[in-house]
Each structure stands twice: as C-alpha cells, then as structure tokens.
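Undergrad: Spelled out from the first residue to the last, the chains are:
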Amino acid sequence: MEIFKRKKKTVQQPKAFEGEYVLDVEDLKIRYETDDAVVYAVNGIDLKLKRKQTLGLVGETGAGKTSTVLALLKLIPTPPGVVEAKKILVNGKDVMALSDKQLQQIRGNEIAMVFQDPMTSLDPVYTVGEQIAESYMIHDKLSKKEALEEAKKMLEIVGIPAERSGEFPYQFSGGMKQRVVIAIALACRPNILIADEPTTALDVTIQLQVLELMKQLNEKYQTSTIMITHDLGIVAETCDEVAVMYAGQIVEKGTLEDVFENTKHPYTEGLFNSLPNMNDRNSKLNPIKGLIPDPTIVFTGCPFAERCRYAKEKCFKQKPTVKHLSESHQVKCLRYDEADFKIERSLK
Amino acid sequence: MKKSHKKTRNKSLIWRQFKKNKGAVIGLVVFCVIVVIAIVSVIVFDFEADITAVKAADRLLPPSKEHWFGTDNLGRDVFARVCYGAQYSLLIGVVSVIISVVFGSLVGAFAAFVGGWIETVIMRLIELLLMIPGILLVIMIVYTFGASIPNLMLALGLSTVPHFARNARASVLTVRNNEYIEASRALGASELRVLFKHVLPNAISPILVQATSRISGCIISAAGYSFLGLGVPSPLPEWGAMLSDGRPFIYNYPYLEIFPGLAIMITVLAINQIGDGLRDALDPKLKR
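Line by line, the protein sequences give chains R and E. Using the working numbering, the first residue of the first sequence is number 1, and each one after it goes up by one. Using the working numbering, the first residue of the second sequence is number 349, and each one after it goes up by one.
It is worth saying that the hints were derived from the structure and are not from the lab. Any given hint could turn out to be false.
As the list claims (entries may be wrong) - Residues on chain R that point at chain E, a partial pick, calculated with CB under 10 Å:
1) V38
2) L73
3) Y126
4) Q131
5) P169
Said to hold, decoys possible - With beta-carbon atoms standing in for the labels, derived distance ranges:
6) E338(R) with N525(E): 46 to 52 Å
7) I466(E) with K86(R): 31 to 37 Å
8) L478(E) with P161(R): 20 to 26 Å
9) P124(R) with M613(E): 34 to 40 Å
10) R51(R) with N525(E): 34 to 40 Å
C-beta atoms are modelled at their ideal positions from N, C-alpha and C, and glycine is treated no differently.
Could you build the full structure based on these sequences and the hints that come with them?
TA: Right, here's the structure in full:
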C-alpha cells in the first residue's frame, strides 16, 4: 500500500504551490573573487516567473546567463563565487537560507536543469535507465526496481523505446541524448525547468524536435521554464516573456511581443540587426561593433555605452535606471529620459 | 532479463579489447593456472608431512621422477614447496595492494573532491609517507611487530599508499569538473552520492591498471624482503625465503634457486601482461 502511494506520487501533477510566482528573484548579484581580479558576473537583476510561463534569457556569451540560473539552484561554487540577493524565492522558499539537505530536496524535484551539451552531461558509466531512475531514488525514495520501471515510462514519454533503457549514453545519438537529459530533468515533475542552451549542440532538424518535445511536456506537466539561448529564433518559437541580458544586467524585459515587435533597447536592436537577412542574400552581416566588456570593470555609466550608436556623454557617466514603458515592458536606458527618443528599429 | 543482457555489452566491449592483446590473454591463462595450483596444493599437500618435515635420507636429490624439482638440503620436495608457496605470494600481492588501493585511493579521491586547504594538508601528509624509503618502512614495521605475513602485507600496503593517493587524486581532478558531475548535483544528489556514485566509478580505470601492476611489484618486494629475512618466517615455503635457504648451495645444486626463481618470474610476468592488456582495454582513446 505504501509503495502504491509513492508510485502515485511520481505520476501526479507538479508539486502543489500557491502564490503568483514560482520564481521571484530580486537584486541578484554574483561575483567571482580570484587572486588576480574580481569578476562581476551578474550585477543586480530581478526575475519573476509565473506558473506555466516560459521566460527566454537572451544575451551574448559571458553576459551572466548561466551564472544567474546556477544561483537559483545555489550551485555557484563558493569560493570563488559570491552570491548576494535581496531574495531568491523558488516555489516560495528562500534558496539562500536553506540547508544543504533542503537544497538537495529542491534540486531536481522542484527546480531542474537541462545542461547545454548532452554529450557531456550524461554519466558514461551508467545506463540511461539508471540515470533517469536516480532522481526517483533520490526524491521519491523508490527502490531501484521501481525506479527503473518509472524510468522506462519516462523514456517512452520523451520518445525513446523503453527497451533501450539498458543502453549506455555512447550508444545514443546527440538528439537522443538530449531527450534523455530532458527525461532526467522532468522525471520528478519539477515546477521550474531551466534549459541552458538545450539545443546549441544539436543540428537544426533535431533542435526543432527537442523544442517541440519540451513545449509539449511543459504543457503536460504545467512546468515553468527558463530558456537560456542566444538564438532569437528559438525565443520567438518558445517563449512568452523575454529578458535580454548584457554584462550581468537585464537591459530589456517584456513579453515576446514587447521585445520583438516593440524593441526599445539599443542592444536588443543590435541583436536583431545582426541576424542574417534572408530576403537580401547579398547584404552584408551587420554585427554590433566591439566586444562584450571586461567583466572585471565596475562601470560608472551604462556598460553598453561604448558600443552603442545612440550613446551620449551622460551614458558614460551615469548609471541607467529601469524605465517602465508599460505594465510588462521595461528597459534600462538613459536616453528614454528624453521624451522624443526612438531607436531606428522602431522608426521603421 | 533483457536489461542485464544489454548491460553486459559494455563489459564485453572491454573484454573484446582485452582479447585482442595476445600477451594479456596468455598472462591471464597463466595467472589462472597459478591460482588453481595454489588452491589445489593446499588441498593435496599436507603442511606437516610434505612441506616442512625433514627427511635426512632424501637430502639434495637432483630432479627425478619422484621429486620433479629435486629436494633441498633438508630433504624437502622442492616441487611441493614451490606449489605450496604460490598461495603466499598471491595472497601477499593481492592483500597488500587491496590495503593500499582502498586506503590510498579513498584518501586521494576525498582530497581532490573536497579541494582547498584540506586537500593540501592531506596530500602533504601523504607525501611525507613517500619520503620514507619502502625498505625502511618494512624494517620498522617488521622489527616493531615481528616478521609475519600480515605484518609484511601491512608494510607493503602502507609503502604504496602515497602512489595510489596521488594517482587517485589526479584521476578525480579530471573527472570532478565534468558536466555530468554538476548535472547530478543539479538533480539533488548529495555530495557523498556524487563522490561514490559518479566521481569514483569514472576515475577508477587508471587506479585499476595501477593496482594490477602493483600486485607484481608487491610479489617481488615480498620475495625480496623474505630473502633478507624480513618477510615470511623460514619454514614456510615462500619463494623468496626458499631462494634465501638455497643460497649456500647455488654452485652445486642450482635447481634450488632456479625453480622458485622461475615461479616468481612467471607469476610477475603474467600479472604484468594482464596489467598491460587492462590498460589498453580501459583506455578511452582506444575504446569505442
């Protein structure tokens, strides 16, 4: 009877949760203190995520996307990492205040992560079935046999025949491995799924399949998702909300429509402009000039000012503040203090 | 069951790779034969009557039909003694390596896994042990606790602990930063679970290869220490001790030295071949 009850738990809907936001982060700062320098990876960001929503976290390499989500799991290695925040609430629980044991209960159970490279995120010495079963053994306290049965079901759900549960990761292709990784992450029906560039290592046709699968499963299990990517196409395809990160800050945030149709921040504009133009095959690529700034520098002004073609003198001297343009849409740019300021993209 | 059938595939892959190395397979066969000899001789020979009993009439007989390897200066059958001695060499080799593998690799793996100042302290302490020459360590232990097989095992095991600790540390350091380790943490696995279930199994192959080749090293050392009178006490037919006993008769009765010497050589060669084969089979670059 006991066993029956426990089994039922694993196939139930997401963990009960009341409250508007499954994730509520305020003023998150992460820095890495090494012997030579202090690297400011994340400099005060706010994130809120509603039930069943998908948030896209977009930005260049080194913008602090991965650091941000690792902090949600409290997986930033300390030292050298230092994490500060007013609050990081996952499912209403303050991650910063939890003990190691409580953290282990949350990880994988309430908030789970899909890593970037499926080739390296599976343990080569265990069969895929055993690896999926591990979450059931840790969180639902199932016996190995029961857990393996559950794992087979989960494999079927992500579209892999259950007979293959006894095979090792090297016997799978990249796309299949990523399905396995997704199966592991969703095994315990977490409320929040973090996908750290889940399709970067896959080719385009497989990307589509994996994204479809994730979308489908999120609907089925009512999971909220944070999708880290630098592919704007994926964002358009999967996300409800978008946050654009630059140098450890969120420079623009809004619904998909806000950010894509009604772009406000010069950096976001730059991202769109640097996409290849499919209609004019002779046109040159139009990248954002310059490089992402050295993260060891503390900025007195806007970190994007050097690369920004709208930058004025004040942009270098004064820190930009968050401007709320509508209920959902916000931008961090000084030029919007001027009533008639518009970037080129919105003029078109 | 289907699952267990599939799971053996990975192991059979290692086995297939191992089989390609002819020397390793021969080594394995020879090693198995030696193990069988060791076991059978315990059953067949009577320790009192066949191994240690002095028979003055049979002194120093050359190899013949009755005494295949001849007899020694006390009239004991050398063939029986060589066969009976196999168990000591194998036991000493295996047990002392197990001592050093378990202790050394756990300490090394723990140090690497935890990192920071704890790692530094542990590794420096281990290296302190490395500074003491092996033979000195053995002399110290044997003179303190007396010459016996368990003490020899302990001494041999302790003297190789640093090597295993350093190897395990290096191996864990390379595994520790893999993404699947972080992934298992993100899954909610406790640190102990991560170390024992994910880090160690992935770091085990170099330790295993080193352990195999250390067995032969320990057998040679044990024979050497017995030869010097530090190891297995005299009436026991340990190969090194037999070499030591036969030394005065080497000019006129060389077979007293040849057969125990050959036994040591064949055993060590076989184990080394197995070690080579294992190294090739477990090498990730050659596999798959």
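Undergrad: So, for every hint listed, does it hold in this structure?
TA: Going down the list of hints, with the structure as the test:
Hint on V38(R) is violated. Least Cβ distance to chain E is approximately 19 Å, over the 10 Å limit. Contact between L73(R) and chain E, as hinted, is supported at the beta carbon level, the nearest pair being about 6 Å apart and thus within 10 Å. Among the interface hints, the one on Y126(R) holds; its C-beta lies about 8 Å from the nearest C-beta in chain E, closer than the 10 Å criterion. A cut of 10 Å between beta carbons decides the hint on Q131(R): the least distance to chain E is about 9 Å, and the hint holds.
A hinted interface residue such as P169(R) counts as satisfied when its beta carbon comes closer than 10 Å to some beta carbon of chain E; here the least separation is about 9 Å, so the hint holds. Taken as a hint, the range 46 to 52 Å holds for the pair E338(R) and N525(E), whose Cβ atoms sit roughly 48 Å apart. A hinted range of 31 to 37 Å holds for the C-beta pair I466(E) and K86(R), which are about 33 Å apart. Restraint check, L478(E) to P161(R): a C-beta distance of roughly 52 Å breaks the suggested window 20 to 26 Å.
Between P124(R) and M613(E) the beta carbons are some 38 Å apart, a value that agrees with the proposed interval 34 to 40 Å. At about 35 Å, the beta-carbon gap between R51(R) and N525(E) stays in the expected band of 34 to 40 Å.
Going down the numbered hints, you'll see the structure goes against 1 and 8, while the others check out.
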